[in-house]
Amino acid sequence: MRALLETRLMPAIVVAVIVIILPLLFPSAYYYRIGVLVFIFALAVVGLNLLMGFAGQVSLGHAGFLGIGAYSVAIGPIHFGAPSCLFAGAILSGALAFLVGRPILRLKGHYLAVATLGLGLLVAIVLTNEAGWTGGPDGMSVPGLVLFDWSVRGAYTWYWIAGTTFVGGFVLALNLMGSPTGRALQAIHDSEIGALVLGIDVARKKLTIFIISAMYASVAGSYLALFNGYITPDAAGFLRSIELVAMVVLGGMGSIVGSLVGAAVLVVLPQALTIFHEYEQALLGLIVMVFMIFLRQGIVPSIVAVLDGENDDPGD
Amino acid sequence: MMILETDRLSITFGGVRALDGVSIAIESGQVFSIIGPNGSGKTTLFNLVSGIYTPNDGSIRFAGEMVTGLPPDQLARRGLSRTFQNLQIFSRMSVLENAMVGRHRHERTGILADLLHLPSVARQNEVTREAAHDALARVGLADAGKRPAGSLAYGALKRLEIARALASDPKLLLLDEPAAGCNPVETQEIDYVIRSIVKDGITIVLVEHDMRLVMNISDRVHVLANGRTLTEGTPEQVRSNTTVIQAYLGVHGSKEAVRAFD
Amino acid sequence: MAELLQFISSGLTVGAIYALVALGFTLIYKASDIINFAQGEFVMLGGMTTVFVALAGVPLPFAALIAIIVTTAIGLALHRFAIEPARGAGPVALIMITIGASIFLRGVAQIVFDRRFHSLPPLFGADPIQFGSAAILPQSLVVLASATAIVTLLWLFIDRTLLGKAVLATAANRLAARLIGVDTRRIVDFSFAVSAAIGAIAGILITPIALTSYDVGTLLALKGFAAAMLGGIGSALGAVVGGLLIGMIEAFAAGYFSSNYKDAVAFLIILVVLVSIPRGLFGRAKVERV
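Residue numbers (our numbering), protein chains in the order written: chain A, 283 to 598; chain B, 1173 to 1434; chain C, 163 to 452.
Think of the hints as simulated: they come from the structure by calculation, not from any bench.
Quick caveat: nothing in here was measured; it's all calculated off a predicted structure.
Any given hint could be a false lead.
[Unchecked claim] In silico DMTMM-like cross-links for lysine to aspartate or glutamate, where the CA-CA straight-line distance does not exceed 25 angstroms:
#1 A/K487 x B/E1279
#2 C/K424 x A/E560
#3 A/K487 x B/E1298
#4 A/K390 x C/D195
#5 C/K327 x C/D276
#6 B/K1318 x B/D1391
#7 B/K1318 x A/D516
#8 B/K1343 x B/E1361
#9 B/K1318 x A/E412
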């Protein structure tokens, strides 16, 4: 039993259990829909967290990759007659990340922040303007996913798809963190020059994690589009990028488990506030400010810190 | 074999010639010390040799290969390791993990294997962990493995950086003022570590102000002043060189140098 | 030819606004190393507040004055309540705070005001002045003249007054400034207040031409920031030059290329500048010591 508790994959097991047990708590079938959205965003947040919390970089334009993933599952079938290919988006996003990543990742701090911001905005503008391909500002409808004659529809089905994919992405992230590449990334976060003199190809590692996090966001975007059956350029917009970062910060920078918490809070909140829909933006802004000023480490690390504190021997 | 040679190495920063025509030659297995007052270019020389700066003039040869202008990570992969005067510890990682990062150049798993945690990764982690532990043991930090690096005392952090550099199995180790900022007890611990490394036969280039240590363990001492070479020789030659004594050891320093041989 | 003059005049007009936003960025950045994304919201607040206060019956000049005062107060509050408590946080955290503030102000604006477009009467009438075959709005001239006046006043202030020197000192070396008795906190207060005021004035001036609404802030902030980056963040001259350049490039891109992608110009410029000459046209390179 102890071996099981201390296993490397413990957080993944916990999360998998949550995914499985959650439906038992749903008061109605509607909640499957919320679950789907939470897992979709949590997946994107895991990727962004690896980039920001773990590797210490920043991306204020990550929704751009989400948008690419979303539109690729619409454009593929509609304009090319191709079957819904979940991975076309991921490949496109990865390619874009590869192309712009090297020059951009040479930057640090607020320069990197603004460069990624600019990138995300450019993607959003292209998606808005190329109406011939994307349906313009009003967006386009997304043909449902059909896998080997099975029409994938409904919140119930998507709950399990999104949940499983999220757990899968979670496991991959855990694996990465406990690997040589993971250690190199953490080192880069703390001291680039320290990492360099130990033989770490810093530029290449940064590019790698940038591409990986772009692909996470892209898959999430593809799921979002397929699930909703519709996609608009807002999905790639500035506000969406900031929401993603807010989810990272809320849950805890560098805390992969926190990704689920952050996504859950910011997905559930607007749902809970449907009456106060117009307060959404003000509330998002307020949350970002309050957390960045007072609770910069985020929810999960704060809880962990409190728990650790209570476990200290008074004699220490 | 000459492990490191520089030929008339020079660099200028915004009009100031920080290093001017410095040539050194270090034999494998030697302990080579560089001394001189603050601002004489010691750290600049280190930064040039370890690839952090690119020289304006001159060349660098490492283990027979021309390496001028190569970036730090490529030099590290050829077996050149260094510590920093201003610590570059990975404070968010544990002490053991810091040392494990030192093994990076010997680790062989790719990104795909890492993501999928293939058996090769588990094996690699194990091998790395052991080597890191050995490196920690050599500097007296074997028991501190699990602690967050940021929680260590200053002297221990200096030793951790050395352990990290050692973990990479370097052919050449550059130690940039390893005892700087340490109190007498910590300085003694560092001295002890350096002497034991020297016994293991690793080539060391040392920049240090602790004259006793320098004079005691060095095979050769190179004196820099205002970015230029003042003189070079054995510790005895250097400490009895009047120019060096007058200008750089000062009264106090020269007394220490004399006492080093007691 | 007429077209060219048209583009130049409209480009300079909107460029003057970008220049003022960029100036606001630069002032705050110089005094505190912070990139203030809420800068665009100051412009929005200037215009929108004037509109709504005037709608409540207050004569226009006073409405404008009130708007400037309110916006300045908000700028000060931003520094005191959002930035100051987070002293010591890294640059990314600080940017996030100002982004959060900008989203917050935008969210509140849509509740307090509304989501529609609003305008203000131009200062000297709406009839375009004919310059040969080109027509220029009198308000454009007002914008250009005011921008020039503001830039000149600011320059004179920094160069000729003691307080101005204190700002420069704080910008150059915060600790040293404090050691010689400069109250750096007040200086940063001051920079936020002045930036907010400049933003508000810019907003009031441009509304007769470009209208205003609760969400004009974001795009303005980004373009103003692009201008500051192009000119070299930390250089006041660069901010002005950058703003005018971006305004003109935008106008030409919209005219000769595609008006849809007009907004993309600024973002493309940000990326190109950051990747090739991060310090911009007039900025100074930073030397890092290891």
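For C/K424 and A/E560, compute the direct alpha-carbon distance and say whether it is at most 25 angstroms. Violated - the C-alpha atoms of A/E560 and C/K424 are around 29 angstroms apart, more than 25 angstroms.
Between A/K390 and C/D195, does the CA-CA distance stay at or below 25 angstroms? 14 angstroms, holds
Has the given pair, B/K1318 with B/D1391, been kept, meaning a C-alpha gap of at most 25 angstroms? 37 angstroms, violated
Are the Cα positions of B/K1343 and B/E1361 separated by 25 angstroms at most? Between B/K1343 and B/E1361 the Cα gap is close to 23 angstroms, so the pair holds against 25 angstroms.
Compare the distance between the alpha carbons of A/K487 and B/E1279 with 25 angstroms, and conclude whether the hinted pair is satisfied. 14 angstroms, holds
B/K1318 paired with A/E412 [C-alpha distance capped at 25 angstroms]: 54 angstroms, violated
Hint consistency between B/K1318 and A/D516 [alpha-carbon to alpha-carbon, up to 25 angstroms]: 46 angstroms, violated
Hint check: A/K487 vs B/E1298, CA-CA at most 25 angstroms. Holds or violated? At roughly 22 angstroms apart (the allowed maximum being 25 angstroms), B/E1298 and A/K487 satisfy the hint.
Is the straight-line distance between the alpha-carbon of C/K327 and that of C/D276 25 angstroms or less? Violated, at about 42 angstroms.
Of the numbered hints listed earlier, those contradicted by the structure are 2, 5, 6, 7, 9.
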